[in-house]
Amino acid sequence: MSTIMEIDHPYPSTTDGEIAAINLQSARRGAWARFAQDARLSRAAEAVVEKEVLTAQFLGDLDALDRLESLAKQFAEADDSFRAELVQAEVASTTHRFDDARRHLARAASMGGSQEEIDRHLLSINQACGVDLDAVLAARRKIAAASGSLEDLVPLGAALADLERFAEADSVYRQALGSYDDVSPIPLAWVCFQLGMLWGELVPLPDPVLAALCYRRAIAYLPGYVKARVHLAEICVSQDQPREAQELLVPALSSPDPEVRWRLADVLIAQGSFEEGERQLDAARLGFEGLLERHLLAFADHAAEFYAGSGNDHRRALQLARWNVANRPTRRTIKQAHAIAANANEAPGAGDLGEACDAEVPA
Amino acid sequence: MSDHVDGPRSIGDPPADITDLFAFTSPMDPARTVLAMCVFPSAGESAVFSNVIDYAIAVRRVSVAGVGNAAKFQPAEQELRFTFRFEVLDRDAASKVIQRGTCTLPDGRKISLTVNDEKGTSTPEGDCQAFAGLRSDPFYLAWIAATLEKAPNLLQHDNVLCMVVEFDTHRVLDPENGSLFGVIAETLPTEPPSRIGHPVARIDWIGRPEQTNVRLNNPALFGVADIRDLWNQQTPFEISKDLQPLFLQRLKDSFTNWDMRDGKSDWTPEALAANANVFLDDFLLFDVAKPITDESHLEIEKSTIDGRPYQTGGGRTVDGNSIDILLTWLVNRDRAFLLGGATGATKPGTKVFPYFATPNTETQTVTDSVELGAAPDDVWSVIGQFNLDWHPLVARVRLIGDGLGQLRRIETRDGGEVVERLTEVDNAKRVYRYVLIAGIAASHYEGTIEVLPKGSGCVAEWRVQYLANNQPDIVVRTRVLTLLKTGLGSLKRRFAAAA
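Heads up: the protein sequence lines correspond to chains A and B, in order.
Each residue of the first sequence is one higher than the last, beginning at 1 in our numbering.
Each residue of the second sequence is one higher than the last, beginning at 1 in our numbering.
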């Protein structure tokens with residue numbers, strides 16, 4: 001099991017987080033420019049997808065999802081090969097439209113797409129949906145053993161965490177940290193974030209101190225890592241440190257992620273700034289609804305949590321939680337639905353769970 | 001978007017990725033030599049250098065150790081290194097981001113730099129000058145390599161980060177002890193990895209252009225293993241003896257394939273093997289005692305393989321057509337020059353330091369306006385709404401959110417989709433501004449719609465500014481202009497045109 005000392009020992013120097021963020025945006029724009037030159041250029045579309053996914057995941061730029069949808073559409077119009085299907089599959093996966101993604105992958109396979117690449121996509125989708133997790137784990141082990149690279153060890157760690165093998169997940173994440181010999185801060189920030197999630201939310205007895213340390217490390221690597229700031233802010237609030245939470249969230253306000261405003265609202269209200277807190281809460285609600293309108297499946301879980309909490313709409317929360325379970329029936333999503341239902345005084349019985357699993361997601 | 005199980009496949013640091021290496025006589029002073037390395041392919045305008053990478057150009061004296069089918073170039077042990085290192089970002093008085101760095105010369109002297117300072121910095125002695133910053137990508141590749149079809153420049157309008165060092169040839173290289181040199185460029189972490197026993201990890205290196213993508217990983221060779229990563233792990237000037245046979249065989253197979261691309265065999269097996277041997281020792285050759293021109297790239301290698309004394313300084317100039325020179329040599333052994341789909345990069349090099357053209361970052365502006373006979377408030381009541389439902393090219397608009405930050409998702413009648421965000425609105429001044437989120441291939445895209453009083457009527461003006469990251473930008477310009485003209489033109493029908 002990780003200890004505070006192990007997490008805190010000095011790691012290799014990486015490129016400064018501000019530089020990395022600027023260069024990621026720079027590379028993203030460069031990728032779009034090349035795509036605009038000629039959408040069919042080798043790897044042009046794929047490069048855009050890579051950079052936009054990184055931007056969304058690590059810099060909190062959720063507009064990237066809209067840009068990805070636009071790219072997928074433009075590319076499909078320009079290219080009728082398996083490449084377009086693979087790109088559409090990746091974009092669909094990113095926005096949790098897993099059924100769409102599977103369809104695109106099937107078409108890519110019939111058009112001669114690389115089976116290895118298709119299998120990787122399917123592995124990720126199965127993992128995200130909690131399907132055949134033992135087979136997913138076996139595949140992840142094999143891939144990680146072959147490459148030993150951080151990018152393959154982290155999904156293995158996540159698979160172990162999904163199967164509640166937390167000690168092993170921790171060990172794999174630390175192995176990922178030790179395997180890294182490049183200079184980008186993003187991969188190391190990612191691993192630290194995963195460790196923070198593991199110790200802060202997934203283990204049966206969360207260790208908020210250890211989780212906070214991990215999130216702090218992630219933010220030290222990448223100050224613009226919005227999700228890490230949000231998660232750490234949550235811990236600060238739970239530890240009665242609202243000022244620290246506020247200091248974490250304010251620099252992230254430029255992100256379109258409504259969770260920033262939600263958590264800030266909680267902090268402000270806790271400190272007696274009711275008017276400002278309500279304003280932020282309204283903005284968060286607007287932000288969540290905007291995201292749900294465009295990317296329902298990608299944000300159903302976070303929005304469910306919002307409405308079950310400060311958003312104070314338990315019916316909406318349960319509806320979203322049920323849609324989330326219907327889309328990806330993992331242990332975590334089912335637990336979330338349970339918790340929301342219990343909180344809403346709708347005691348979940350077998351019938352409720354059955355309804356949740358059978359709930360149809362709106363088109 | 002919740003927990004994202006899968007992450008990026010490979011997250012490298014783009015400023016560690018080397019794109020090119022150049023060695024040429026200074027256009028400003030024939031007594032000086034210029035070495036330059038470029039990194040960060042397709043860099044956007046804000047690109048900066050990593051603060052934890054040593055960007056190094058390493059030079060060794062080389063002797064001709066064999067000619068003809070035994071052609072070989074032997075590098076010496078001693079190395080001269082020029083190392084660039086950069087700091088974390090700072091801000092100037094106007095809060096603009098600046099980055100500083102140093103270039104350490106072979107004798108240990110350091111030149112302090114500010115990134116993107118066009119003048120660069122010289123040593124107090126005046127014998128060396130260095131520059132680092134964003135430049136228009138000097139490389140052009142106008143072939144589909146797998147099929148040898150001509151194409152427009154695949155790197156048109158790209159930018160890269162460049163590091164340039166110019167120095168007194170005699171003082172630094174001492175050519176009287178040998179004027180032939182080999183040069184490589186490499187990127188190394190400033191701090192070796194912390195794992196015990198792990199060797200210093202080189203991130204990237206380059207000798208001659210296209211060793212990995214054209215010679216070792218010939219795209220027309222199907223079913224072969226990709227050995228580029230294995231090659232990139234090699235130590236420059238000292239390719240592993242255990243792996244040399246593997247790389248040599250790959251080069252021979254690749255060159256055999258290139259030779260037959262035109263259906264004619266121009267290479268004897270012995271000469272092809274000699275060619276492969278020469279390219280296995282991957283460093284860029286240049287001779288400071290002979291002229292280096294736009295045509296002299298690879299002349300030293302070619303002449304030596306052909307068994308005759310070389311006549312030029314080889315090297316590689318900014319404007320040299322290195323790809324066509326290479327392909328002509330590989331495909332037909334210089335029987336007939338193969339000219340690709342482009343004769344130059346986006347911009348040519350310059351005759352003044354730093355010799356690499358300014359980056360491609362011109363902001364484009366498209367403006368249209370229409371005079372109307374209606375009162376400004378009447379016109380503003382229509383076009384001042386962010387919903388754009390007055391526009392004839394718009395099939396449908398969905399508004400998301402309210403007030404500043406509101407999004408409009410526009411579906412155009414031709415099936416296109418554009419998403420924009422409201423950033424500023426002033427109803428008293430009858431103006432609003434918005435930025436592009438998605439749907440048009442441009443960056444830094446900002447639009448302004450405004451109604452200005454004029455006499456008894458008004459002028460409706462629509463203005464869009466964007467960064468032209470691609471060439472030709474005629475595609476973006478045409479689309480934007482159509483949007484503006486069609487929209488404003490429709491207002492004439494709605495409101496009486498001004499007399």
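Derived from the structure by calculation, the hints contain no laboratory data.
C-beta: ideal position from N, C-alpha, C; glycine also.
Take these hints with a grain of salt, some might be off.
[To be verified] Short, incomplete list of chain B residues facing chain A, as computed with Cβ under 10 angstroms:
{"id": "1", "residue": "88"}
{"id": "2", "residue": "89"}
{"id": "3", "residue": "92"}
{"id": "4", "residue": "93"}
{"id": "5", "residue": "94"}
{"id": "6", "residue": "207"}
{"id": "7", "residue": "230"}
{"id": "8", "residue": "235"}
{"id": "9", "residue": "237"}
{"id": "10", "residue": "239"}
{"id": "11", "residue": "422"}
{"id": "12", "residue": "425"}
{"id": "13", "residue": "428"}
The hints, checked one at a time:
Look at residue 88 of chain B: its Cβ gets to within about 4 angstroms of chain A, closer than 10 angstroms, so that hint holds up. Among the interface hints, the one on residue 89 of chain B holds; its C-beta lies about 6 angstroms from the nearest C-beta in chain A, closer than the 10 angstroms criterion. Against a cut-off of 10 angstroms between C-beta atoms, the interface hint on residue 92 of chain B is violated, since the closest Cβ of chain A lies about 15 angstroms away. At its closest, the beta carbon of residue 93 of chain B sits 19 angstroms from a beta carbon of chain A; the interface hint therefore is violated under the 10 angstroms criterion.
With its C-beta approaching chain A no nearer than about 17 angstroms, residue 94 of chain B sits outside the 10 angstroms limit, and its interface hint is violated. About 22 angstroms separates the beta-carbon of residue 207 of chain B from the nearest beta-carbon of chain A, more than 10 angstroms, and the hint is not met. Because the smallest distance between the Cβ of residue 230 of chain B and any Cβ of chain A comes to about 14 angstroms, over 10 angstroms, the interface hint for this residue is violated. The criterion of a C-beta within 10 angstroms of any C-beta in chain A is not met by residue 235 of chain B, whose closest approach is roughly 16 angstroms, and the hint is violated.
Checking residue 237 of chain B against chain A by beta carbon gives a least distance of about 22 angstroms; that is not within 10 angstroms, so the hint is violated. Taking 10 angstroms as the C-beta contact cut-off toward chain A, the hint placing residue 239 of chain B at the interface is violated, the least distance being around 21 angstroms. Violation of the interface hint for residue 422 of chain B is found here, the shortest Cβ-Cβ separation to chain A being roughly 13 angstroms, above the 10 angstroms cut-off. For residue 425 of chain B, the shortest C-beta to C-beta distance to chain A is roughly 17 angstroms, which exceeds 10 angstroms, and the interface hint is violated.
The interface hint given for residue 428 of chain B is violated, since its Cβ lies 24 angstroms from the closest Cβ of chain A, which is over the 10 angstroms cut-off.
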